[in-house]
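**Q** Listed below are the residues making up each chain.
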Amino acid sequence: MGSPNPVRVLALVKYVPDAQFDRHIDSAEHRMVRTESILSELDEYAVEAALQLKESSAAGSTVVALTVGPEQAVNAVKKALQMGADEGIHVSDPAIAGSDALATSRVLAAAIEKAGPFDVVITGLSSTDAETSLVPAQLAERLSVPLLSFANSVELEGSTLRITRDSDAVSYVLEADLPAVLSVTDQANEPRYPNFKGIMAAKRKTVETLTLADLGVSADEVGTAGSRTVVVASEERPARVGGNVITDDGEAGLRLAEFILAQKVL
Amino acid sequence: MAFSLVYLDSISSPLSGASLELIAAGRRLGDPVVVSAQPVSDESVAELGAAGVSGVVVPENAGTEAHTNFLTFETQLLAIALSETEASGVVLPNSLNGKEIAARLGVKLNAGVVTDAVDIAEDGTVTKSVLAGAYTTQARVTEGPLIVTLKANSVEYTAPAAAEEPDLLEIPVEDPAPGARVVEVREKAVSGRPDLTAARIVVSGGRGVDGDFTPVEDLADALGAAVGASRAAVDAGWINHDLQVGQTGKTVAPQLYIAAGISGAIQHKAGMQTSRVIVAVNDDPDSPIFEIADLGIVGDLKNVLPQAAAELRKRND
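Going down the list, the protein sequences come from chains H and B. Sequential numbering of the first sequence, starting at 21, is according to our numbering. Sequential numbering of the second sequence, starting at 1094, is according to our numbering.
Hints are not guaranteed to be accurate.
What the hints assert, rightly or not - Cross-link-like lysine-lysine pairs, in silico, BS3-like; alpha carbons within 25 Å at most: (1) Lys1395/B <-> Lys134/H; (2) Lys225/H <-> Lys134/H; (3) Lys1407/B <-> Lys1395/B; (4) Lys1407/B <-> Lys284/H.
Keep in mind the hints are simulated off the structure, nothing from the lab.
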């Protein structure tokens, strides 16, 4: 298990509205309201997978946490550094706001190329805000490297990465040679919590901030200009209202059967 | 009228309901042309014609395993078909494979991709549910073809008035990208119960089943329903991950959802709160699931579920 050579792993992290609170879309621009944000829960699995690849490979292996987003998005990188990532990169530029997956993957691919040679780029299975799952495959396409996506388990042997992937009818075992893009599900591992030592160590780690100019990407390749999709309408669904709550008096099962029959769904 | 492309993983005879829905969605965007990497029999071509399909595109030597790279071949096939037909849009299934092909195609063609669609209008406006069902949004592409992955059971299929006689076109496809290799494909066991995402009724169990799904399965079978589960039950190893309902599992919207022993964490609600009617059975009266349930029963699911199942069976006789 692991690589006999040092590996360089990039973990992609996203700063997203916390799903524990009510999340909103502004009615004018139809964009996500990004207050109360955190590191996307599903990206913790990507960071954990990156740390495990580093720990199972030769000394000198490194994990770089990379994010694209507004000023506060650096907090997603900081959380990854606390978990154990070695360094961070934060791409921030006002022109990026409003990018769809296609434009976002363009920025990420440029940032990955700027960051230098890598062995594995790891993402979560999707962001918890837009939830499209498109970016990993778009990165693989842009970087011209193989993709191993939706991994439920990950193994690195030398320079071969092997995963299991579950779909409805079949499960696959897939493999690819490094460098590769990898996305992991919440079945892949159990993310570690940042401990005191990790939190203290993170304060001394560096986060490099890059703009579009640093990446050689022009403003019309990102944001709404660089996107090919636009949200034209958004409507909040009325909140569900709880109905009748009864306590089982020994005959609640009969009441349940009657309720089901009254729904006329059988 | 322009063409639209409909990507089908595999083509069964007779055509599956899922395939017909994708064709129905494609018909809204143009004259549908079906694209598949698998061989298509003459019988299937005729059935596709009856469903309104005007052409079928397959690669030369389809199904001969000439290609080994996972999904990059399918992407290349679609890219060629799109440039040949100048289609206005591509409709794919909203499966993991469908999304991956759609994503790659978006980069290849610099085209817009919309996932998780529940409706497609003739002008190309796509409707989807976002933020765990809290909002419904409509999206369009700003230019170029629309690439869209459509959720199952979203669009209704009706047979067209007149059948088409589609031509079968075999095109040469080279697989250029360095891809992932398929080492092994394992077929999964079939349960005999309805598919979770397609079922009209779902009975789900959570932490409260305490290791024993029998009462949940028993009620499901009395109702001809699918069985689902919360993440807690899956993580405990009581039931297969395939049946997980929620943010990182399946999203379901049945006519009736019965949550047994499920507290109603936000991640679970994300996968089921657009169900038409929700029933919750839980022994904790403070469970948040009761806040969204049309009927809540505070009680032991091990008593309530079997009693309901027995009553339903009795009334059915």
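**Q** Going straight from one Cα to the other, do Lys1407/B and Lys1395/B come out at no more than 25 Å?
**A** holds (19 Å)
**Q** For the pair supplied as a hint, Lys1395/B and Lys134/H, is the alpha-carbon distance within the 25 Å limit?
**A** violated (59 Å)
**Q** Compare the distance between the alpha carbons of Lys225/H and Lys134/H with 25 Å, and conclude whether the hinted pair is satisfied.
**A** holds (19 Å)
**Q** Does Lys284/H lie within 25 Å of Lys1407/B when you go C-alpha to C-alpha?
**A** holds (17 Å)
Going down the numbered hints, you'll see the structure goes against just number 1.
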